[in-house]
Amino acid sequence: MDSHDQGHDRMLQDFLAGELDPADVSRWDEHLLGCELCWRAVREDRDARRAVQLLRKPALPWLSERIRFAVEVAAAPQAGSDPPSGHGGLLSRARLAIAAVALVAVIAGAVLLPGLLVGGRAPGRARLPAAVSVVADYARAIPPGPRTQMPGERLRSAPVLVGRRVMVLPGHQRIVLSAWRVDGVTAVAAVSSRYFPMPGGARRISGQGMAWLARLGNLRLYCINGRPSELVAARVPEATLALLAASLPA
Amino acid sequence: MAADHRVFLDATLPHLDAVYQVARHAARDGVEPEDLVQETFLRAYAAFDRYRGGSMRAWLAAICLNAARSEARSRRRRPWDLPARTPLDGPPATSLADGPEAADVADIVIAGLDAAEVSRCLAMLPEPQRLSIVLMDLAGYTASETAEVLGCPRGTVLARVHRGRRRLAQLLAEAGVRHGQP
Chain A
1 MDSHDQGHDR MLQDFLAGEL DPADVSRWDE HLLGCELCWR AVREDRDARR AVQLLRKPAL
61 PWLSERIRFA VEVAAAPQAG SDPPSGHGGL LSRARLAIAA VALVAVIAGA VLLPGLLVGG
121 RAPGRARLPA AVSVVADYAR AIPPGPRTQM PGERLRSAPV LVGRRVMVLP GHQRIVLSAW
181 RVDGVTAVAA VSSRYFPMPG GARRISGQGM AWLARLGNLR LYCINGRPSE LVAARVPEAT
241 LALLAASLPA
Chain B
1 MAADHRVFLD ATLPHLDAVY QVARHAARDG VEPEDLVQET FLRAYAAFDR YRGGSMRAWL
61 AAICLNAARS EARSRRRRPW DLPARTPLDG PPATSLADGP EAADVADIVI AGLDAAEVSR
121 CLAMLPEPQR LSIVLMDLAG YTASETAEVL GCPRGTVLAR VHRGRRRLAQ LLAEAGVRHG
181 QP
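First to last, the sequence lines map onto chains A and B.
Numbering follows the numbering used here, in which position 126 of the first sequence is assigned residue number 126; successive positions increment by one, without gaps.
Numbering follows the numbering used here, in which position 159 of the second sequence is assigned residue number 159; successive positions increment by one, without gaps.
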């Protein structure tokens with residue numbers, strides 16, 4: 001105990017880690033009373049541990065929901081390709097495939113309801129592109145604002161970001177989603193480095209589908225494809241959608 | 001939702017706070033810790049069929065550290081990609097154990113300054129020591145889990161964390177940080 005060699009240092013580390021047996025702990029307690037070198041090492045170790053606690057910041061409550069949402073979205077488009085199987089072998093793999101197909105069916109059913117209209121016309125049973133479907137689902141999941149229409153032809157206040165941005169990967173397309181409140185209206189903005197495909201029945205408002213407008217029930221979508229591409233979804237009349245989209249920060 | 005989503009989320013979400021602590025200190029410039037946490041869970045989900053037991057949170061931390069490195073590399077290739085910091089960000093990384101009612105403005109300011117100094121001093125440590133301290137002292141990992149994350153023997157972790165703490169204490173003393181001093 002008196003010599004401060006490597007073995008001594010190892011015992012000190014074990015002492016600090018609380019891994020010595022009671023007899024060794026007693027010996028160390030006695031040693032510390034007379035050894036300034038070791039006492040200083042213990043003090044520094046303890047002080048640093050305490051100081052580091054200042055950096056602790058608990059995960060914010062919404063982060064859990066964000067992760068849950070992102071995982072669910074990431075899982076959905078994988079049903080037809082290569083779903084993660086969990087760790088239960090072939091049976092789990094088969095179960096997941098069935099469950100994932102069912103999930104896609106539920107989402108597709110919700111999106112392609114008979115009452116769903118695109119650009120005022122029935123779109124038939126055309127499948128909504130995954131990237132557009134995710135944005136629409138997210139916009140539906142966000143609680144609506146107190147208003148469904150803009151109070152005037154001009155904005156009265158600056159857009160306010162609601163919550164945090166969310167990154168999703170439908171079909172391996174990276175999309176950043178954010179929710180905004182503008183004059184009492186809630187809108188979802190999606191940004192991606194890849195184009196948002198024009199869904200069947202959408203109205204083209206510029207050549208080659210670079211910009212398009214679509215309606216899904218009471219939800220309207222306004223997209224400008226480019227670098228990056230932007231898609232805005234909101235429960236507002238068509239006339240105010242462009243104004244709303246233009247008001248959101250890039 | 002598919003059953004295995006739930007299995008995955010049930011198994012991993014309890015470790016969200018630990019992963020968040022790691023992400024806050026692994027995220028490089030321009031990367032939000034929350035984005036890194038999300039990327040970690042998405043990667044973990046994609047690799048869930050390759051998870052072979054052991055410490056779930058150690059597995060998640062290893063993925064988080066790898067994701068931080070690859071995200072930093074991909075950011076260098078995407079200079080146009082803007083950080084997603086929002087105006088709703090909370091107060092600085094200062095936690096006051098006694099709650100807001102016990103802390104007056106001066107305490108909050110001092111604690112905030114001290115936290116910034118601790119963060120600065122921690123960043124001065126060699127990465128193996130810094131990561132060991134972040135994992136064990138901040139995220140609450142055991143020495144065995146930390147060894148699993150960093151791929152080194154447990155004794156090495158204990159040595160690194162002890163040397164790192166002592167160096168950190170000395171740096172803080174030089175900086176005149178009140179917290180941590182006897």
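Treat each hint with caution, since some may be false.
Derived pair list, reagent style DMTMM-like, types lysine to aspartate or glutamate, alpha-carbon separation capped at 20 Å [as the list claims (entries may be wrong)]:
| hint | chain 1 | residue 1 | chain 2 | residue 2 |
| --- | --- | --- | --- | --- |
| 1 | A | K57 | B | D49 |
| 2 | A | K57 | B | E117 |
| 3 | A | K57 | B | D17 |
No lab work stands behind these hints: they were computed from the structure.
Structure-based check of all given hints:
Pair hint K57 of chain A plus D49 of chain B does not hold up; C-alpha atoms about 31 Å apart against a cutoff of 20 Å. Taken as a hint, the K57 of chain A and E117 of chain B pair is honoured in the structure, with Cα atoms around 16 Å apart against an allowance of 20 Å. Distance check on the hinted pair: K57 of chain A and D17 of chain B sit about 9 Å apart at the alpha-carbon level, within 20 Å; holds.
Hint compliance for this structure: hint 1 is the single one not met.
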